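Q: Protein chains in written order, with the working numbering: chain W, 20 to 436; chain G, 6 to 157.
Simulated from the structure, these hints should not be mistaken for lab results.
Be aware that a few hints might be false.
[Claimed, not checked] With a straight-line Cα cutoff of 25 Å, these simulated SDA-like cross-link-like pairs (lysine to any residue) come out:
#1 Lys351(W) to Gly69(G)
#2 Lys24(G) to Phe367(W)
#3 Lys359(W) to Ala61(W)
#4 Lys345(W) to Lys359(W)
#5 Lys31(G) to Cys403(W)
[Claimed, not checked] Partner residues are not named here, just some residues of chain W that face chain G (Cβ under 8 Å, in silico):
#6 Thr379
#7 Thr390
#8 Pro405
Given the structure is predicted, the values throughout are model-derived calculations rather than measurements.
Here a beta-carbon is modelled for each residue, glycine too, at the ideal position from N, C-alpha and C.
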Amino acid sequence: MNSDNKQITDTVPFDVRKVREDFPILAETVHGKPLVYFDNAATTHKPLQVINRLQHYYLHENSNIHRGVHALSQHATGEYEKSRRTIQKFINASSEKEIIFTRGTTESINLVAQSFGAKFIAQDDEIIISGMEHHSNIVPWQLLCERTGARLKILPFDLNGELQMEELPGLITAKTKLISVVHASNSLGTVNPVEDIIALAHSHGIPVLIDGAQAVQHMPVDVQKLDCDFYVFSGHKLYGPTGIGVLYGKTKYLEAMPPYQGGGDMILSVTFDKTIYNELPYKFEAGTPDIAGGIGLGAAIDYLNTIGMDAIAAYEHQLSDYVIEKFTNIDKVQLIGNAKKRVGSFSFILDGIHPHDIGTILDFDGIAIRTGHHCTQPVMQRFCIPATARLSLGIYNTREEIDFFVQSIHKVFEVFS
Amino acid sequence: MINSELRELYQQVILDHNKNPKNFGKIDPHNHSAEGFNPLCGDHLFIYLQTEGDVITNISFEGGGCAISKSSASLMTEALKGKSITEAKEFFERFHNMVTGQASEDDDFEDLDKLAIFQGVRDFPVRVKCASLSWHTMIAALDNNNKSISTE
Ligand SMILES: Cc1ncc(COP(=O)(O)O)c(C=O)c1O
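Put together the whole structure using the sequences plus the hints.
A: In structure tokens, the structure reads:
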């Protein structure tokens, strides 16, 4: 499906008007103004194709999966597993067994921290993360370190928001058991050189987890080409439903790792003496999952495939350049994060005006941005600021919306003049 | 064009106190202090009080946040200097009722004097925490000295 669609989209230009028609929520008004949604890094809106798919599931297909002989159950199981294969192709995993459904990025990382941690990480071992991680790629490792006596080491970044790669060789030791880094930063927008990190880590035999929560929705991702050992992301930031996410892991690690949670579905047989665990991917999927969510995520990926991830990346790149151009023309705006390779998440501060006040004033124009620390407090500490305002782009945003945003920023200056 | 509700929130007095806050810095001596956080937006401030008997003889704040939290802290310190602890607590109750919209319709909060300009906040539920952070911190300083409090 992937490759067929690619051929089509290579010749079809990106039509943002048509894309917008797929997102009914964009017709909402806020304080009497048309909604301008620039909080896509927090969560994206859902196209009709996803909303209708969820409705269709509950209207016509609802039943529990993997355990019924009846027709509905078999059908629902088929659709859920089809979605797994859609995800597999989307990130080019070599087998559908390597696609584990989770609740989201956060649960995926916790799963690896608990399960990989239990098997492979002991006292005095070391885990390396970067200084620009989301709290969900910090706290699970801190918990693991507390449990095991392992140590967390931090790869720093510079004031442009780029990782100081020259520091990495010095951080790696014989005790390094895992490196976990974010593919694209939610607060800085930086796209990290994950290929280089993975290559260096593998030359020392160290596996690498990539947090792709802010990458899969913006660019084609090929886990085999990256050669990462784990890749994690959330459905709701990928135009899919909330409550569903993905852990990709190489078979060799997933097979060696113990189950994460115990319960139904993750077993082959249970007696009070001994339980035999199910095979991959079910070993890591205890209990009834978010069936509709899994199927809805498949629908979201089908939708993105009809547009094409290359076309999306190209369009968002143009929009990002436009945002940077506009920001550069306003004196009192400071962009936090100026990496050369980036996605469309822009943290900014205005001279003497707190982000929270910016957010309130923009909201009055119907513009949704995020303000605060964006769950990356260490990033804020690095720049010695308590918070930023953040504009983050999605596939339905337009240049006109960016122009309107700039007008509204001038209104902020006017209020505070 | 600036919307009238926005003007109601960001009145000149609030903007002035944001720019040039009163009673800013750490007073020495002080016999009460507390630290307040609003983790959601990164507001972070300290309140210092010097009391003699039941009277607040001096009060100040330090730290930062949005215009609403900063101006609220500044105006609070102005209002409470020289007041009794009992009065300070009564002010807190009245202020809290005002910003959370719990008072009666015809209450114009005249007794709160300048603090009444924060009435506009009740139309912005997410900003109530900003306006009341300094007040909660002040109460924490009086009740449990040297504690840190959080709005979450
Ligand atoms: C980079 C990054 N990692 C992890 C997460 C956590 O994702 P979720 O809350 O969907 O589990 C986010 C979401 O904000 C993120 O931006």
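Q: Look at each hint and say if it fits the structure.
A: Here's how the hints hold up against the structure:
1. Restraint check for Lys351(W) and Gly69(G): the C-alpha separation of about 20 Å stays at or below 25 Å, so the hint holds.
2. A hinted pair counts as satisfied when its Cα atoms are at most 25 Å apart, and Lys24(G) with Phe367(W) qualifies at roughly 20 Å.
3. Under the criterion of a C-alpha separation no larger than 25 Å, the hint pairing Lys359(W) with Ala61(W) is consistent with the structure, at around 23 Å.
4. Note on Lys345(W) and Lys359(W): the hinted pairing holds, with a Cα-Cα distance of about 17 Å set against a maximum of 25 Å.
5. For the proposed pair Lys31(G) and Cys403(W), the alpha carbon gap of about 21 Å is at most 25 Å, so the pair holds.
6. Given the 8 Å rule on beta carbons, the hint for Thr379(W) holds: about 6 Å separates it from the nearest Cβ of chain G.
7. Look at Thr390(W): its Cβ gets to within about 6 Å of chain G, closer than 8 Å, so that hint holds up.
8. With a least beta-carbon distance of about 3 Å to chain G, the hint placing Pro405(W) at the interface is held under the 8 Å criterion.
In summary, this structure violates none of the numbered hints.
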